[in-house]
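The residues making up each chain are set out below.
2 protein chains.
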Amino acid sequence: MIKNDRFLKALARQPVDKTPVWLMRQAGRYLPEYRKIRSQAGDFLTLCKTPELACEVTLQPLERFDLDAAIIFSDILTIPDAMHLGLYFEPGEGPKFKQPTCDAASIKKLGIPDPEDDLGYVMQAIRHTKQALAGKVPLIGFAGSPWTIGCYMVEGGPSKTFATIKGMLYTDPAILHQLLQKLADSISLYLQAQIAAGADVIMLFDTWGGILTPQAYQAFSLHYMQQILQSLPAHIPTIVFTKNGGLWLEAIANIGSNAVGLDWTIDVGDARQRIGHQVALQGNLDPAIMQATPEVITQHVEQILASYGSGNGHIFNLGHGITPNIQPENVAVLVDAVHEKSQQYHQCKQHDQAQ
Amino acid sequence: MIKNDRFLKALARQPVDKTPVWLMRQAGRYLPEYRKIRSQAGDFLTLCKTPELACEVTLQPLERFDLDAAIIFSDILTIPDAMHLGLYFEPGEGPKFKQPTCDAASIKKLGIPDPEDDLGYVMQAIRHTKQALAGKVPLIGFAGSPWTIGCYMVEGGPSKTFATIKGMLYTDPAILHQLLQKLADSISLYLQAQIAAGADVIMLFDTWGGILTPQAYQAFSLHYMQQILQSLPAHIPTIVFTKNGGLWLEAIANIGSNAVGLDWTIDVGDARQRIGHQVALQGNLDPAIMQATPEVITQHVEQILASYGSGNGHIFNLGHGITPNIQPENVAVLVDAVHEKSQQYHQCKQHDQAQ
Numbered sequence: 000m001i002k003n004d005r006f007l008k009a010l011a012r013q014p015v016d017k018t019p020v021w022l023m024r025q026a027g028r029y030l031p032e033y034r035k036i037r038s039q040a041g042d043f044l045t046l047c048k049t050p051e052l053a054c055e056v057t058l059q060p061l062e063r064f065d066l067d068a069a070i071i072f073s074d075i076l077t078i079p080d081a082m083h084l085g086l087y088f089e090p091g092e093g094p095k096f097k098q099p100t101c102d103a104a105s106i107k108k109l110g111i112p113d114p115e116d117d118l119g120y121v122m123q124a125i126r127h128t129k130q131a132l133a134g135k136v137p138l139i140g141f142a143g144s145p146w147t148i149g150c151y152m153v154e155g156g157p158s159k160t161f162a163t164i165k166g167m168l169y170t171d172p173a174i175l176h177q178l179l180q181k182l183a184d185s186i187s188l189y190l191q192a193q194i195a196a197g198a199d200v201i202m203l204f205d206t207w208g209g210i211l212t213p214q215a216y217q218a219f220s221l222h223y224m225q226q227i228l229q230s231l232p233a234h235i236p237t238i239v240f241t242k243n244g245g246l247w248l249e250a251i252a253n254i255g256s257n258a259v260g261l262d263w264t265i266d267v268g269d270a271r272q273r274i275g276h277q278v279a280l281q282g283n284l285d286p287a288i289m290q291a292t293p294e295v296i297t298q299h300v301e302q303i304l305a306s307y308g309s310g311n312g313h314i315f316n317l318g319h320g321i322t323p324n325i326q327p328e329n330v331a332v333l334v335d336a337v338h339e340k341s342q343q344y345h346q347c348k349q350h351d352q353a354q
Numbered sequence: 000m001i002k003n004d005r006f007l008k009a010l011a012r013q014p015v016d017k018t019p020v021w022l023m024r025q026a027g028r029y030l031p032e033y034r035k036i037r038s039q040a041g042d043f044l045t046l047c048k049t050p051e052l053a054c055e056v057t058l059q060p061l062e063r064f065d066l067d068a069a070i071i072f073s074d075i076l077t078i079p080d081a082m083h084l085g086l087y088f089e090p091g092e093g094p095k096f097k098q099p100t101c102d103a104a105s106i107k108k109l110g111i112p113d114p115e116d117d118l119g120y121v122m123q124a125i126r127h128t129k130q131a132l133a134g135k136v137p138l139i140g141f142a143g144s145p146w147t148i149g150c151y152m153v154e155g156g157p158s159k160t161f162a163t164i165k166g167m168l169y170t171d172p173a174i175l176h177q178l179l180q181k182l183a184d185s186i187s188l189y190l191q192a193q194i195a196a197g198a199d200v201i202m203l204f205d206t207w208g209g210i211l212t213p214q215a216y217q218a219f220s221l222h223y224m225q226q227i228l229q230s231l232p233a234h235i236p237t238i239v240f241t242k243n244g245g246l247w248l249e250a251i252a253n254i255g256s257n258a259v260g261l262d263w264t265i266d267v268g269d270a271r272q273r274i275g276h277q278v279a280l281q282g283n284l285d286p287a288i289m290q291a292t293p294e295v296i297t298q299h300v301e302q303i304l305a306s307y308g309s310g311n312g313h314i315f316n317l318g319h320g321i322t323p324n325i326q327p328e329n330v331a332v333l334v335d336a337v338h339e340k341s342q343q344y345h346q347c348k349q350h351d352q353a354q
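As given, the protein sequences belong to chains A and B, one line each in that order.
Heads up: the first sequence begins at 0 in numbering that gives the first Met the number 0, then just goes up one per residue.
Heads up: the second sequence begins at 0 in numbering that gives the first Met the number 0, then just goes up one per residue.
Simulated from the structure, these hints should not be mistaken for laboratory data.
Check each hint, because a few of them may be wrong.
Anything over 10 Å on all C-beta distances counts as not near chain B; from chain A, calculated [what the hints assert, rightly or not]:
1. K17
2. D80
3. D184
4. G308
Covered by chain A, per the in silico footprint, the following chain B stretches (three or more residues, Cβ under 8 Å) [stated by the list, open to error]:
5. 161-173
6. 241-247
Quantities reported herein were computed from a predicted structural model and do not represent experimental measurements.
C-beta atoms are modelled at their ideal positions from N, C-alpha and C, and glycine is treated no differently.
Generate the whole structure from the sequences, applying the supplied hints.
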């Protein structure tokens with residue numbers, strides 16, 4: 000059914016001809032055609048909530064680049080938006096909520112959104128996109144982790160110290176667990192619906208897990224991500240990504256995902272030694288390298304491929320989302336370099352197997 | 000000469016009766032007596048530049064709490080300020096520079112500040128404080144790392160993605176090395192002068208090293224910190240702290256400092272297993288825990304002490320600076336809990352040695 004199944008094979012740690020590659024935020028502001036649609040939509044949330052447009056921007060990077068996966072255009076804050084907390088985006092400041100969720104009463108009031116009734120625009124965008132893709136590449140559905148979504152809900156917006164949610168964690172953990180449980184239940188339903196609508200792979204983004212102590216990370220982030228993974232059908236491959244989670248890879252690899260996403264602070268070869276026997280690895284070019292020349296980009300691609308080495312189970316990606324200041328031509332350089340320079344590592348493997 | 004030498008002994012990994020404790024930013028806005036002096040001074044920089052007042056606020060936390068060290072009240076950006084880049088503080092936004100240092104020409108123009116001529120106010124503050132302390136506890140002098148100071152100079156202020164300095168790193172590394180070498184030379188002279196003025200211990204703060212790849216961290220941060228350490232007299236104990244550097248502890252422990260500072264994302268027992276045979280460890284309570292009740296603070300102190308276990312070489316601290324929203328009473332709880340609860344780990348050791 001899927002014509003280019005390199006990404007699915009790598010997730011299953013099966014042999015491939017070339018290392019598959021896609022980019023976090025590959026449908027985004029670095030593309031002029033994205034900025035055009037975005038300005039037509041008026042604002043970011045309207046773009047997310049208009050399935051035809053969300054489908055169109057999801058497909059844009061695939062028109063330009065030889066990417067091995069599509070990821071549905073959406074946002075990790077669709078769930079609290081569906082909980083009626085008044086999500087809005089202040090230009091240059093990131094997401095904010097008119098009603099932060101920072102006490103027992105406001106947490107008690109939160110409902111579990113019904114995916115088709117309250118978040119139907121996401122499912123519609125997935126259905127449109129699946130149809131338009133016509134099996135060209137797999138489509139990734141996604142959600143934020145309960146902890147990460149909770150950070151935005153409790154703080155009411157971006158934060159440097161996350162003092163409010165951490166205060167709650169250390170003074171009233173039971174209340175925070177109630178919030179995270181509601182989020183985990185909501186996310187499970189949401190991702191099940193994304194799968195029913197056609198998502199081939201699911202990714203959990205834990206942007207803020209890395210601000211926790213090892214014990215708090217286990218109890219307040221990893222635990223709930225594990226619950227979510229367990230609620231999903233076993234045949235759907237999953238990827239878990241905790242930014243700044245490099246110290247905790249063994250724990251992350253144990254919660255049942257097929258792949259673990261890596262940011263750029265860890266050497267992918269070291270990560271493979273630690274957890275490569277259990278999971279596939281996704282990453283991990285520093286997004287800042289995309290500002291450099293084609294030669295420098297290619298050189299860093301080669302370093303990462305060499306560090307991972309021969310064999311299966313690597314999905315190339317950035318260590319975080321691509322930033323708006325990147326030239327689209329450099330993405331072509333990256334994608335083509337991954338495909339071209341990775342062949343030697345897969346040929347070697349096939350040669351070894353033939354012997 | 001120093002009456003309470005618990006901190007110096009722990010830095011040398013020698014036996015102590017109790018685990019020594021001090022707090023990053025212990026002279027700071029959480030103290031009402033600090034806020035009073037600060038409002039008299041007018042602004043933060045004037046306070047730094049008035050030796051009598053800097054001395055007074057350095058001593059304030061020692062009046063209240065049974066701390067085992069003092070740290071001179073100053074800022075990591077005194078050096079670029081002495082380079083005439085127009086340092087100023089925008090309320091709620093952090094430090095900024097009127098002239099960012101983001102090209103070859105502006106880097107070439109930078110001079111190496113003379114510590115006594117250009118930064119004499121720091122040396123005077125240290126001399127005053129040493130006299131006032133009268134050997135009560137050791138006095139820590141400090142500087143930012145070249146990479147961290149460079150981040151502020153190149154970005155011109157706080158940044159989320161550090162796109163400008165990382166762009167320089169990947170497109171024009173030679174220029175960035177020129178900047179970092181000038182900073183390393185300046186910092187070496189600055190710290191030598193702090194030692195001559197009376198600083199007993201030196202700490203390097205690498206707040207932003209953790210945003211780099213492992214290779215870039217080695218080349219653009221660790222390398223220059225090692226140069227600085229090598230320029231200091233061998234008898235002066237040193238501490239190196241890279242926030243989010245937990246993945247690179249082995250490399251950090253190899254550059255010749257006596258102690259390595261830890262943020263709260265790593266278990267102190269794991270860190271001890273990895274590098275405790277080489278260096279003392281400083282840390283690592285999550286500063287957010289200081290918002291909690293005395294019982295919760297004490298419980299987390301006990302966890303960290305137990306995780307480090309019996310024996311020498313632990314200096315208790317937070318994993319980052321104390322925040323302005325903390326009740327001073329909670330600092331007393333912390334300091335006293337460290338001293339009280341740590342005795343068992345040192346008694347055991349002495350008992351073992353006696354056998």
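Consistency of the hints with the structure:
1. Here A/K17 stays apart from chain B, with its beta-carbon at least about 24 Å from theirs, past the 10 Å limit.
2. A/D80, annotated as away from the interface, keeps every beta carbon of chain B farther than 10 Å; the closest lies near 23 Å.
3. For A/D184, the condition that its CB be more than 10 Å from all CB atoms of chain B holds, with the nearest at approximately 26 Å.
4. Every Cβ of chain B is farther than 10 Å from the Cβ of A/G308; the closest lies at roughly 16 Å, confirming the non-interface assignment.
5. Given as covered by chain A, the region 161-173 of chain B passes the check, having 7 residues with a CB less than 8 Å from a CB of that chain where 3 are the minimum.
6. Under a criterion of three residues with beta carbons nearer than 8 Å to beta carbons of chain A, the stated coverage of the region 241-247 of chain B is upheld, 3 such residues being counted.
The structure meets every hint from the earlier list without exception.
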